[in-house]
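Enquirer: Chains as they are written, first to last, in this note's numbering: chain A, -15 to 94; chain B, 2 to 113.
Hints listed in this document are in silico derivations from the structure and should not be mistaken for laboratory results.
Just so you know, not all the hints are guaranteed correct.
[As the list claims (entries may be wrong)] Not close to chain A: a few residues of chain B, all C-beta gaps over 10 Å, as computed: (1) Pro9; (2) Lys12; (3) Glu21; (4) Ser63; (5) Glu86.
[Stated by the list, open to error] Partner residues are not named here, just some residues of chain A that face chain B (Cβ under 10 Å, in silico): (6) Lys26; (7) Gly27; (8) Thr33; (9) Leu71; (10) Ser75; (11) Gly87.
Every residue gets a Cβ at the ideal spot worked out from N, C-alpha and C, and that includes glycine.
Below, each chain spelled out in residue letters.
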Amino acid sequence: EDQVTQSPEALRLQEGESSSLNCSYTVSGLRGLFWYRQDPGKGPEFLFTLYSAGEEKEKERLKATLTKKESFLHITAPKPEDSATYLCPDSAGNNRKLIWGLGTSLAVNP
Amino acid sequence: GAGVSQSPSNKVTEKGKDVELRCDPISGHTALYWYRQSLGQGLEFLIYFQGNSAPDKSGLPSDRFSAERTGGSVSTLTIQRTQQEDSAVYLCASSLLGDTQYFGPGTRLTVL
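Excised from the complex, chain B in its bound form:
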């Protein structure tokens, strides 16, 4: 595709529900990143995928968060048992060989 796409653009859920956020990277990009941007905070690194290597999960805030990348392309970020503090914009980025990162428009998650 022409750019990184993310879906949904907005998600409102109730506390305790699970949510799945999707990211379609730029075609051919081997690296994929998830970040979280909370109100008034800088972007926070969550997880990194590079090719077939084991993902770097060092930024995931708790075991309620997980992500997978199928076929080296599309990625899904799953948040289980959502809490109000999970409310944020979740951004996905992709890059060719781990260099310049290109971002999608983000998914705004609101947990009521």
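Next up, chain A with everything else stripped away, as it sits in the complex:
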């Protein structure tokens, strides 16, 4: 069964304390691995798409990487505004439907 597992479930960091979030997937026929952030009461906000092992994407303090079985979201010197739930759905199948894990809830304390 296609599934996505994210770890840790929750992470609390001090401002400036770098860390990484993990996303492991068992989706066959992978069409793309996405990273989104979701703030409370809002829809997911697109961050990155990764298509092949070895690919990396960066945006401000965030860097996403992809291997054959995992993706990592590295957060460098986070700020309180980076607090959110981070989600890494897979896209599979002809309809490109996204398969979601439960996310990592990140809290960055000032």
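Chain A is already provided as a structure; the job is to place chain B on it using the hints.
Expert: Chain B only, in chain A's frame:
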């Protein structure tokens, strides 16, 4: 429009009533998706529209759920005879040719 919009933002209904949720996708996007996000659960795929093709309804949880997309743009998700377990946030997303999906703010449905 600038982004995906959904209405209403909140809906409270009584068990057994029908509800309609609306989604306006990004202009020009050919693909439209509905997802459901229940408390403590990951997003759950419901239905997918792509252009004029027959929709993929494989994620609809029961025959009480239906959706249509008129004129390749606006979509309506209808839930008949609502049950308490239907309470969730319903999210709509659109994409250009089925690639990156952009989400609306969601409709929070509460069934009393």
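Enquirer: Each hint needs a verdict: does it hold in this structure or not?
Expert: Against the structure, the hints:
Every beta carbon of chain A lies more than 10 Å from that of Pro9 of chain B, the smallest distance being close to 14 Å; the non-interface claim holds. No beta-carbon of chain A is positioned within 10 Å of the beta-carbon of Lys12 of chain B; the least distance is around 15 Å. At roughly 19 Å, the least C-beta separation between Glu21 of chain B and chain A is larger than 10 Å, which holds for a residue marked as non-interface. Look at Ser63 of chain B: its CB is around 18 Å from the nearest CB on chain A, clear of 10 Å, so calling it non-interface holds up.
Against the 10 Å criterion, Glu86 of chain B stays outside the reach of chain A, whose nearest CB is about 19 Å from its own CB. Given hint, Lys26 of chain A at the interface with chain B, holds; its Cβ is 6 Å from that chain's nearest Cβ, closer than 10 Å. The interface hint given for Gly27 of chain A is met, as the beta carbon of that residue sits about 3 Å from the closest beta carbon of chain B, less than 10 Å. Annotation: Thr33 of chain A was flagged as interfacial toward chain B, and the flag holds, the nearest CB pair being 6 Å apart, inside 10 Å.
A least Cβ separation of about 8 Å between Leu71 of chain A and chain B falls short of the 10 Å threshold, and the interface hint therefore holds. With 10 Å as the threshold, the beta carbon of Ser75 of chain A comes within range of chain B, its nearest partner Cβ sitting at about 8 Å, so the hint holds. For Gly87 of chain A, the interface hint holds, since its Cβ comes within 10 Å of a Cβ in chain B; the closest pair sits about 7 Å apart.
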